[in-house]
Every structure is written in structure tokens, then in C-alpha cells.
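Trainee: Position chain B relative to chain A; hints supplied.
Number of protein chains: 2
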Amino acid sequence: MVEQYDIVIKNGTILTMDRENSVFEDGQVWVRGDALAMVGIPDHEPVRTRKVLDARGGLILPGLVNGHTHAAMSLFRGLADDLPLMEWLNNYIFPAEGRMDTDFVHAGTLLACAEMILSGTTTFCDMYLFEDQVARAASLSGMRCLVGEVLYDFNSPNYGEIEKGFEYAESLILKWKGHPLVSIAVEPHSLFTCRPSLLRRANNMALKYNVPVVIHVAETLSEVDQIKESYGRRPVEHLNSLGILGPHLIIDHAVHLSQAEMELLAHHRVKVIHNPESNMKLASGIAPIPDLMGLGVTVGIGTDGCASNNNLDLFAEMDIAAKLHKVKTMDPAIMDALTVLRMATAEGARALGMGRMIGSLEPGKRADVIVVDTHKPHLTPMYNPYSHLVYSARGNDVIHSIINGRLVMEDRRLLTLDLKDVLKRAREKASAVRRWVLDR
Amino acid sequence: MVEQYDIVIKNGTILTMDRENSVFEDGQVWVRGDALAMVGIPDHEPVRTRKVLDARGGLILPGLVNGHTHAAMSLFRGLADDLPLMEWLNNYIFPAEGRMDTDFVHAGTLLACAEMILSGTTTFCDMYLFEDQVARAASLSGMRCLVGEVLYDFNSPNYGEIEKGFEYAESLILKWKGHPLVSIAVEPHSLFTCRPSLLRRANNMALKYNVPVVIHVAETLSEVDQIKESYGRRPVEHLNSLGILGPHLIIDHAVHLSQAEMELLAHHRVKVIHNPESNMKLASGIAPIPDLMGLGVTVGIGTDGCASNNNLDLFAEMDIAAKLHKVKTMDPAIMDALTVLRMATAEGARALGMGRMIGSLEPGKRADVIVVDTHKPHLTPMYNPYSHLVYSARGNDVIHSIINGRLVMEDRRLLTLDLKDVLKRAREKASAVRRWVLDR
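Protein chains in written order, with our numbering: chain A, 59 to 498; chain B, 59 to 498.
Keep in mind the hints are simulated off the structure, nothing from the lab. Among the hints, erroneous ones may be present.
No copy is singled out in the list; a pair is fine if it fits within one copy or between any two copies.
Stated by the list, open to error - Below, in silico cross-link-like pairs of lysine to aspartate or glutamate (DMTMM-like), each with a Cα-Cα straight-line distance of 25 Å or less:
#, residue 1, residue 2
1, 434, 469
2, 482, 497
3, 482, 469
4, 434, 161
5, 478, 83
6, 434, 84
7, 478, 468
8, 482, 84
Chain A with its partners taken away, still in its complex shape (with noise of 0.2 Å):
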């Protein structure tokens, strides 16, 4: 039998992310169908490969994984800004949200999926309205993603009441069970948007099903209070009175909490999704990731919706992430680029369950590959890869993208998505978004 390749990489140096974070200069990934066959320096030529892709000397990395957003939310971007939360969602936000439907929900996730593609981000988990329309226009662009549809005690613009909302989180996962590129999670909203038997009942269909539970704890001080009023608890302790904490749970933001708390986190295996510019623009505080991280915590990184960002830029997103805990402890060498790095793949991986799946360049795993263009002013001369995708690179410095063993991206051109008609449905959309809100 005649090897054969589907793609091969050549022509770069590779960062596998693995856990030695293995580095190969000159390296070659080969891909065979949706996975990696051979990751580094290669003892033969490939004898038949369908597509060869130059690196350009670049760095050949796994593609980033997006811990945490609300993609249609790109219909907002820029709708209001710098404005006290309340007043930002009470008047713009949710009587926008009030008026959507299932068309506007899959453009608004079309344009946010452009976007991903277009900076390195290969796998992103949403928590939304009409959340099969996310599955749908992520399997169309070739995202690999985890979602999964807001439950909440008030009725929903979806699915209307709770009862419904169980019902329709369920078909959800059985409708994509098994899908190559779309996972389900179940998403109870917060602690403080559902009660106690609303996160019972969706643990245990997470529990049934062997899914994961995502949901937003501790992301603002007044939530904190608002707990703590009504349980006589901080929230991690509700959570921990449920029975709900677990290595399935992903809990988006966890910015204010206890000592105790993160031991909890720590003890029963919780995975942690960091959402530092969201955190920073809403003005909700400063998550203690590195406090987190030492006692073991898997920490992966998110950009949240990117009305509150306003971007969905993975490299911005480190960046800033690197540079807040170093001013907020007031240690230059916390959180170095490679740490944060490891955030946006191979922790951000384990983060969403997909550990063993993606997040790192190794034989076997599933074919999520980017390629990142070095060959520019902000990016010369190179001493170490880390520091420069970490601090000077951006999402536009990324040429070719792989998800699954499909190329996605290349040379910058999208190629699963007709870029032209994802941005002017967009456009329409906006203009129905200014008569709900801007014109009332």
C-alpha cells in the first residue's frame, strides 16, 4: 500500500503544544482524512499528498480554542458601548434579543464564524439563543464547536417556557450525536437567572447524556451579593450545595472568588473559562487566574460575546490576558506567553472536554492546524515564537487554517464561507437591529 496524505505543512517551525511543548524547526505535518499522521521532522519524503501547504517559514501551531463566547452577539458589536452594565442591557442588548429569530441567530454566527476563522480560533464554545442555528452555521463553516441553549427561569425568545427549554437542550443532543465537528453541552445561564431545581434538572441530563454543564458563576460583585442574599452563600458554595461541582462542569468568568472557593474548583476538577477584555470592558474585575492555576485548575481562555470585547481576535485576547495579572500582582514574570498560549490550546482543550481530541499537534489527534505568517515588521526579527504570537502577533497574521483534516483558510481566503453575502446579510440584519433599538 502506497502511503497517502491529504495535506501537508512543509516549511515551518512547529509548535506542537504538546505536553513537552515539543518545538520542530523545519518541521512537516502530514494529514490523513480528519487527523494528524505525522507531526515533525519527517525520515522520507510524503510519496502521494493531494495538497501541499507552504508555511512560508512561519509557525505551524494548533489551531486556538475560543473557551467562551455568544457568536451571533457580532450583530451587536459596537451597538453601545461604555455604559453601566444595566443600562447596556436593559436598553439595548435584551430588547434587541427580545425580536430575534432562528435567521438572525445563524447570519449573526456565519459572521462571527468568519471572523474565528480569520484569526486562528478552530474550535469555540457558545452559550445562546437558538442554539441549533450555532450548530448549523458552524458545521457550514467548518468550525469544530461545543453549544448548547440558555436556560434560564424567565421564558425564552426560543423556546418560550423552561419546560419547553429542557425539551429542546435535549433534541439537541440527540440530533447531533456524533457529529464530527459539533458537540452539546446543557447551559443553565447563572446562578442568579435559575434556581436550584432549573441546575439540578440540567446536571442531570449533563450527567445522563455524558455531556458537559457551561455556565456563567461569579462574574460580577453584585451577583456575588445577589447569592449570597438569597442562599446564604457564595456562589461556588451553591453550586457545591447542588451536588453540581464535577470535572463536566465549565463555568465561564469566575472572577470573584474565595480562597475556598477555588479550592473547591481545584478539589472537584471544575474547568475554568478566563474572559479578561469582557471582564476589563464591563467593568466586572479581574478573574485570579494565576491563583487558579496553582492550585491546578485547568484554565482555558475566552472572548465572551463580542459586544462586550468587541472582538473575537484569540491573540488580542492573550495579550491582554498576560499583561493584566502582571499589573494586577504587580510581577512582571506571572503568566509568561507560553502559559497563556497553553490557555488558547491545550488547556482550552481539556477546558471543553476535547483534550484528548485537539489542543496540541500530535499523531493521532484530530486535524485543527493553523499557520501563522511571520514575515512582517511587527513580527522581525524572531527570538521566540511564544513572546511573538503572545505579544505582537494578531488574528490577521494567520494564513492558512485547517479543522478536521478540511482546509478551511488559505492564504487568507475563506473557503467554506462566501464572504461577500455573510457580510451584506449581516448588514441587513443591522439595519432591523437600528429600528428595535436605536430608532424606537
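Mentor: Only chain B this time, still in chain A's reference frame:
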């Protein structure tokens, strides 16, 4: 006489950044020679035009002003990161700087100018060694600059003893007097590296020639402690006691200030340059910018040297500035997008003493103009251009740039420099740096 224009920009929304923040949708900018002849909605089409630039429905705004950098440090980007300040300086930066020469600084500054033009910056303020080379490189690349040789108590790799340093500083003033792009400042390094007599003498030279003084002030807590110990006063009080405070004084960083010091700066109309990314990365602290602005102080924004950033992209700097003060003050309404964009344009120009010449698009001002392409997923749809520029855009969304009436970038192609040659020279210099520092 038939009207003639050298460059006409059409088909964009003009953000003038004038005092009223006037905006013209589908406006035009007419350039004649080095100046703006018309900005807004024309009442007739220009009759003769040498060059028409299409803004493609995007944004037309003043070129950005980088208020503080050490351009040639682009050759040290990523050489060492995530280290305690003194280890970074003593083991990496100082040993490399000790070996530098004129050619090194020229090559490094060209690299920096390429990056700055490609990311929308048209003016920069520099402090470094061999500063005549910085002026030459800026002039060659077509950039506007305010530069000055760094002066301090110890010997310099450029001029040797301080007496020669003052001669060099004066020669720069005389050599570049009247140059359309290059302005000179007198630049004592800092209060902890310059004895009072040096500071007074530098200030007197600046006053004699009517040029600014540029100096690092109150960047770190240890600097404040050192100045208090040496002089019994805090840094700005020390400057005040030396009689140096005044509208010609530009202080970089201004991180650690007492209320009394802020009032002194306001009273004496001292200018401040904010460098949030460097202050975060080196764990220096967070400057009290909203407080300074509340007192009426003119504040510009800078990247600092890109070895402590690690890029020269003012779009990223604006984004971080807006967010950092929100999370510091826990007020999401502080430092809105327009305020921050003004720091990088009109206020930045005023901070450098160039407020009458540049910083806004108004007839009679010099033609320093950039065009941002908004037909991209991360800038679509657009509800608010200021929000997009600060929170969503990145330097490489800038497509055209004009400085002093000269087209320096068109469709992202640098017209003033041979980029391939600039990158090649940078890589050669990096080989030397590796020998000097990493391979010892």
C-alpha cells in the same frame, strides 16, 4: 487660475477629530501640497487632481500619534520577556545597547517606521541613542517625528560623556531646524538617572531654542521611593523645585502620582503620555489618567519601546487603555471610545506641541490622514465608528496613509521603504544581538 489638488480621498466617512468631533458621511478630503485644502462635503467636484484615493466606504481620520517610543528597540522585541525589570534590563537590554552603533539604530528605526506606517501611525515621539539616525530613518520613511538624544549622568554608547551629550543635543536642534517632518526635543532620561544640574541645564537648552523637554517620570514605585530618599520629595515635586514644570514639558508614564502632583501638572500645563501596555507588561502600575483628564491635563498615548509591549500598534494600545481604566475604577462608562481616540489624535498632537499643525482634519492643517477599510467581518455591521476603531479594529485594517501630503502607503503597500530590504537588515542585526546577548 484652475484649482489643482495633489490627492483627493473619496467615498468614506470622515472623522475630523476637530473640537466638535465633526463627522461627514460620504465626505471628501482634498490635499494640496503638504496641507489639507478641503475636508467635508464638497460643493463641486475637484477640477484637476493628480491622485484619487478610494476609501471604499470606510473611515477617514487623522493619522495616529504615538506619543512615546524607543523606535530602534524593535530589534529587541521578544529578546526577553516575563522577567523582573532589573533582570530584563541588566542581562538583556543594557548589554545589547552597549554594543549598538549608528547603523543598528538606523536599521531598527526603519523597521519600526515600517510597522508604524502599516498600523496607521503618522507621527511618533522618540527617545533613544544615536538619535540623528532616528531622524534620518523617519525622514526617509516619510514619518513625522519629535526626537531627542537621551541624556543621563553616565557615559553614553553614542556621545560618551555628558558634556558631549549636550553638544550632540544642540547639534540635533540646529541640524534639523525647519525640517518639514523632524522636530527635536531635549530629553533627559529620568529623575533617577539625571542629577539636578543635568536636568536644569537640559531645561535651559530647551527654553533657549523653544523646543520641548521629554522625560520619563514616576514610572515605577521604586523610582518614587528613590527620588523621595534622594531629594525628600516625590518626582513631580522634585521637578517643580527645579523650576522645570511648564507647558513645554512632556512626561512619559506618570504612573505613580499624588493628588498634589496631579494638581501641579495641571497648573503648569505639563503634558502627559500614557503607556498602558508597557506599564502592564513591566508590572509598573496603572496611571491615574481619568483623574489627570478631570483636572484638564492634556494626555496623549504611546506604545513605549516595543521590547516592553511588544508592538507599535496604537489601535491595540487604545483598546487596552479604554478597558484598563474601566476595570481599575470598576466604572464601565469611564474612558469612552471617543475620548481614547482623541488621545491618539488631537490630544496626542497637542501633547507633543503640534496641536496647531496636526491631530485633526481641518483645512490649513498638515495633511496627515489615514483610511480604515471596514469591509471585514470584525468591522461589520457598524453602528458607531469610534467604538469600532478603539475596540474592534487593528493596525492592519488601515489601507492608505498620507503624511505631510505625501502618500506613504497605498492599499497596504509601503511606498517609501523597500520592505524586503528593511526586514533583511533587521534579521542581520538580530544575528548580532544573539551573539552579544543570548550566546554569551
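Trainee: Treating 25 Å as the Cα threshold, decide for residue 434 and residue 84: within, between, both or neither.
Mentor: within (19 Å within a copy, 33 Å between copies)
Trainee: Between copies, within a copy, both or neither: which fits residue 482 and residue 497 at Cα up to 25 Å?
Mentor: within (21 Å within a copy, 54 Å between copies)
Trainee: Is it within, between, both or neither when you check residue 434 against residue 161 at 25 Å Cα-Cα?
Mentor: between (39 Å within a copy, 21 Å between copies)
Trainee: Is it within a copy, between copies, both, or neither that the alpha carbon of residue 482 lies no farther than 25 Å from that of residue 84?
Mentor: between (41 Å within a copy, 19 Å between copies)
Trainee: Could you figure out if residue 478 and residue 83 sit no more than 25 Å apart (CA to CA) within one copy, between two copies, both or neither?
Mentor: So residue 478 and residue 83 pass the 25 Å test across copies only (23 Å; inside, 37 Å).
Trainee: What label fits residue 478 with residue 468 when the C-alpha limit is 25 Å: within, between, both, or neither?
Mentor: both (17 Å within a copy, 23 Å between copies)
Trainee: Evaluate residue 482 and residue 469 at a C-alpha cut-off of 25 Å and name the case that applies: within, between, both or neither.
Mentor: Result: close both inside a copy and across copies, 23 Å intra and 23 Å inter.
Trainee: Could you figure out if residue 434 and residue 469 sit no more than 25 Å apart (CA to CA) within one copy, between two copies, both or neither?
Mentor: So residue 434 and residue 469 pass the 25 Å test inside a copy (15 Å) and across (16 Å) alike.
The structure meets every hint from the earlier list without exception.
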